[in-house]
Amino acid sequence: MSGLSLKELNNEIPVRLASGHRLCAGCAESIIARQVLMGTEKDVAVSCSTGCFEVSTTIFPYTSWKVPMVHTAFGNGAAGAAGLETAYKSLKRQGKTDKDIKFVNFAGDGATYDIGLQALSGAMERGHDMLFVCFNNEAYMNTGIQRSSATEKGASTTTSWNGSESYGKKEFPKDMTAVMVAHNIPYVAQAAPHAWRDLVQKAQKAFNCGGPSFINAISPCPRGWRFASSDTISISKLAVETCVWPLFEVENGEYHLSPESQRIADGKAEKKPVTDWFASQGRFKHLMDERWSDVVEDIQIELDRRWNKLIKLSDMSSGSE
Amino acid sequence: MTAKAGKDLAINGDGAVALAWKQLNPDVCAAYPITPQTIIVEDFAKYVANGEVDTEFVDVESEHSALTLCTTSSAAGARTFTATASQGLAYMWEMLPITAAMRVPVMMAVANRTVSGPININNDHGDVMSARDTGWLSIFSENVQEAYDMSIIGLKIAENPEVQLPVLVNLDGFILTHAIERMTPLESHVVKEFIGPFKPLHPLLDTDHPVTHNLMDGPLYYFPHKYQMVLAMENALGVAKDVFAQFKEISGREYHLVEEYMCDDADYVAIVLGSSFGTMKEAVDRLRAEGMKVGVAMPRVYRPWPAEELAKLVKGKKGVLVMDRHLSIGSYGPMYPEICAAAAMNGEIPKMYNFIYGLGGADTMVSDFMSCYKMVDSGAAKTVNFVGVKE
Numbered sequence: 035m036s037g038l039s040l041k042e043l044n045n046e047i048p049v050r051l052a053s054g055h056r057l058c059a060g061c062a063e064s065i066i067a068r069q070v071l072m073g074t075e076k077d078v079a080v081s082c083s084t085g086c087f088e089v090s091t092t093i094f095p096y097t098s099w100k101v102p103m104v105h106t107a108f109g110n111g112a113a114g115a116a117g118l119e120t121a122y123k124s125l126k127r128q129g130k131t132d133k134d135i136k137f138v139n140f141a142g143d144g145a146t147y148d149i150g151l152q153a154l155s156g157a158m159e160r161g162h163d164m165l166f167v168c169f170n171n172e173a174y175m176n177t178g179i180q181r182s183s184a185t186e187k188g189a190s191t192t193t194s195w196n197g198s199e200s201y202g203k204k205e206f207p208k209d210m211t212a213v214m215v216a217h218n219i220p221y222v223a224q225a226a227p228h229a230w231r232d233l234v235q236k237a238q239k240a241f242n243c244g245g246p247s248f249i250n251a252i253s254p255c256p257r258g259w260r261f262a263s264s265d266t267i268s269i270s271k272l273a274v275e276t277c278v279w280p281l282f283e284v285e286n287g288e289y290h291l292s293p294e295s296q297r298i299a300d301g302k303a304e305k306k307p308v309t310d311w312f313a314s315q316g317r318f319k320h321l322m323d324e325r326w327s328d329v330v331e332d333i334q335i336e337l338d339r340r341w342n343k344l345i346k347l348s349d350m351s352s353g354s355e
Numbered sequence: 338m339t340a341k342a343g344k345d346l347a348i349n350g351d352g353a354v355a356l357a358w359k360q361l362n363p364d365v366c367a368a369y370p371i372t373p374q375t376i377i378v379e380d381f382a383k384y385v386a387n388g389e390v391d392t393e394f395v396d397v398e399s400e401h402s403a404l405t406l407c408t409t410s411s412a413a414g415a416r417t418f419t420a421t422a423s424q425g426l427a428y429m430w431e432m433l434p435i436t437a438a439m440r441v442p443v444m445m446a447v448a449n450r451t452v453s454g455p456i457n458i459n460n461d462h463g464d465v466m467s468a469r470d471t472g473w474l475s476i477f478s479e480n481v482q483e484a485y486d487m488s489i490i491g492l493k494i495a496e497n498p499e500v501q502l503p504v505l506v507n508l509d510g511f512i513l514t515h516a517i518e519r520m521t522p523l524e525s526h527v528v529k530e531f532i533g534p535f536k537p538l539h540p541l542l543d544t545d546h547p548v549t550h551n552l553m554d555g556p557l558y559y560f561p562h563k564y565q566m567v568l569a570m571e572n573a574l575g576v577a578k579d580v581f582a583q584f585k586e587i588s589g590r591e592y593h594l595v596e597e598y599m600c601d602d603a604d605y606v607a608i609v610l611g612s613s614f615g616t617m618k619e620a621v622d623r624l625r626a627e628g629m630k631v632g633v634a635m636p637r638v639y640r641p642w643p644a645e646e647l648a649k650l651v652k653g654k655k656g657v658l659v660m661d662r663h664l665s666i667g668s669y670g671p672m673y674p675e676i677c678a679a680a681a682m683n684g685e686i687p688k689m690y691n692f693i694y695g696l697g698g699a700d701t702m703v704s705d706f707m708s709c710y711k712m713v714d715s716g717a718a719k720t721v722n723f724v725g726v727k728e
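These protein sequences, in sequence, are chains A and B. To convert, take the position in the first sequence, counting from 1, and add 34; that gives the working numbering. To convert, take the position in the second sequence, counting from 1, and add 337; that gives the working numbering.
What the hints contain is simulated information worked out from the structure, not anything from laboratory work. Hints are supplied without guarantee of correctness; some may be wrong.
[Claimed, not checked] Ranges of calculated distance between the beta carbons of each label pair, as one might list FRET restraints:
id, chain 1, residue 1, chain 2, residue 2, range
1, B, Pro534, A, Glu75, 27 to 35 Å
2, B, His593, A, Ala52, 47 to 55 Å
3, A, Pro95, B, Val726, 50 to 58 Å
4, A, Ser264, B, Pro455, 55 to 63 Å
5, B, His593, A, Ala216, 52 to 60 Å
6, A, Ser200, B, Asp470, 40 to 48 Å
7, B, Pro434, A, Leu40, 43 to 51 Å
8, B, Glu728, A, Pro95, 54 to 62 Å
9, A, Leu40, B, Gly575, 57 to 65 Å
10, A, Tyr96, B, His593, 41 to 49 Å
11, B, Lys727, A, Ser200, 50 to 58 Å
12, A, Ala216, B, Pro434, 32 to 40 Å
13, A, Ser352, B, Gln565, 56 to 64 Å
14, A, Pro95, B, Glu571, 22 to 30 Å
[To be verified] Some chain B residues judged to face chain A by a derived CB distance under 7 Å, without partners named:
id, residue
15, Val365
16, Thr405
17, Ser410
18, Ile435
19, Asp554
In this text, a Cβ means the ideal position worked out from N, Cα and C, and glycines have one as well.
Starting from the given sequences, assemble the full structure and let the hints guide the process.
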């Protein structure tokens, strides 16, 4: 691939996921998947964990997939992709295939942070040459917006409602990206679909890193987050601007903030308050009530702590170069 | 213990399975250790370490991932084996019907062990009976030789294009897995020729012909897809008979859908699975010496269920003893209703007795089995009996 212009991406990479699928209008998952699949010119075989994306692209007798795709169950997507990669490794070594194939698993946050964590950790530790992509829409959307360990503190979900005695989910989200960094795999990144060039570049690096890789992409969900389906991309952008979802990559243990987040760290772009984020989505609407002002303050403090830590990690890596 | 093929060996059941695997030379093997299966993967891992097989061996982090990895690697186009027991099979359970529905001929050795709780590492058939309804072929072995033979036969049936279902090869935990017996293996080249190369249908690695495996079915398609598996199971009965005949030609050893011992003229026949078949043959010999006309049989192939052969077996008998090494608590042992159903095909049903025995490895001796026949003959037997348990 000579460059990363929209024209070149469009002309040089075949469409691997057809536009005919049954995801909701405004769902970011298919956008992210198409960007990830632009990350390699080689053949790709796909595995999917159970979830919105898998269900919506494979309703028999139709499939949206123009590349090989396999789904088995919810918690084992990483093992599914590892199976494809292992078969490939074996057949390639034995001279039974002359193909050059890349492997990727797509999963929601439930199938990554929660029920899928064990299989994911195992596959990464074993070093399979595969990419695992998390569409992080911050709740179990396929079953109807129940909280996950990726759900933000304060969000109202169908199992962590806001109510007279509750401001929504009580806990801060798990730092899954850091968990994957702790596996010391060659490539880990956080990405967002509005930053398409950044995301495609991250996919390229992930596919070419020669080992296991992980991309955690925030995936705005109009139904679950309560915003207009036309706002997906602007919501994605706001997640980065408020540092709710900083963009960065970790190559061989070295942290690097990605351009949009780097500009904020450098003071060249505004770091927006988390209240802007809350005001943009119905799931946080109740937090605008003054009675929860302490909670909002608490969340801003924690987000700042995590953001400042990330800047330090990135500075440390830059300093070591 | 790792072994060489050809001449007679003194080998345990796990070692015999590992030897069969070596000769079958799978492309991929993924497994997680669990007693009493572990020796299979340990022995096989040695073959891998010494370059005696072409296999990619994956030390997965759980049985759930073991079967997932085997399933997708088989769908990708690789011949794939795994092994487990007890809790491991229970942990795999979510994947069992998926593997079968994907129609990938994964082979799994099951070193039959009871399931917790309480935790217990010894033999019964509680693990594999939980897999009964999942669409896997299920084959039983009486001794170490058969554990070896069934590993070869099982794969050949599973990979037949008319079948294309995964297969469970059962061997009783400890009783066979750890018992050293004399065993006659085949020459490796004979096994290789017998089994032939793996010919996957619609492999995922064929990127020129992309396919999607395991799509979502609505009610319109789910039931018809299950029915296709019913047909595949029916085909497997005929295919198994053919494979038994082919295997006899290369080995001289003869197998049947239902193995029978002294059943033709028997008043009472017992039906049993696994290593107890051997123990019961001895019980039959001793009772025959006392003048009782008794026999015993074993469904070699448990799934598909050889109903016609079993119906023929029990026809006209005075009584039938169904020996179950598992129990559906609150009902019968798993084989009892199925034998009754097979018997019902004849119109007239003999007296049917269920004997639950040997749970959690409880020793069941020749004398215990002799007592079962005598209880039936004397009228002391109830419908459901618990061998060796004070009621």
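Hint check results:
no. : hint                              : in the structure
1   : B/Pro534 <-> A/Glu75: 27 to 35 Å  : 31 Å, holds
2   : B/His593 <-> A/Ala52: 47 to 55 Å  : 51 Å, holds
3   : A/Pro95 <-> B/Val726: 50 to 58 Å  : 53 Å, holds
4   : A/Ser264 <-> B/Pro455: 55 to 63 Å : 59 Å, holds
5   : B/His593 <-> A/Ala216: 52 to 60 Å : 56 Å, holds
6   : A/Ser200 <-> B/Asp470: 40 to 48 Å : 43 Å, holds
7   : B/Pro434 <-> A/Leu40: 43 to 51 Å  : 44 Å, holds
8   : B/Glu728 <-> A/Pro95: 54 to 62 Å  : 55 Å, holds
9   : A/Leu40 <-> B/Gly575: 57 to 65 Å  : 58 Å, holds
10  : A/Tyr96 <-> B/His593: 41 to 49 Å  : 45 Å, holds
11  : B/Lys727 <-> A/Ser200: 50 to 58 Å : 56 Å, holds
12  : A/Ala216 <-> B/Pro434: 32 to 40 Å : 35 Å, holds
13  : A/Ser352 <-> B/Gln565: 56 to 64 Å : 59 Å, holds
14  : A/Pro95 <-> B/Glu571: 22 to 30 Å  : 25 Å, holds
15  : Val365                            : 5 Å, holds
16  : Thr405                            : 4 Å, holds
17  : Ser410                            : 4 Å, holds
18  : Ile435                            : 5 Å, holds
19  : Asp554                            : 5 Å, holds
Comparing the model with each numbered hint stated earlier shows that all of them hold.
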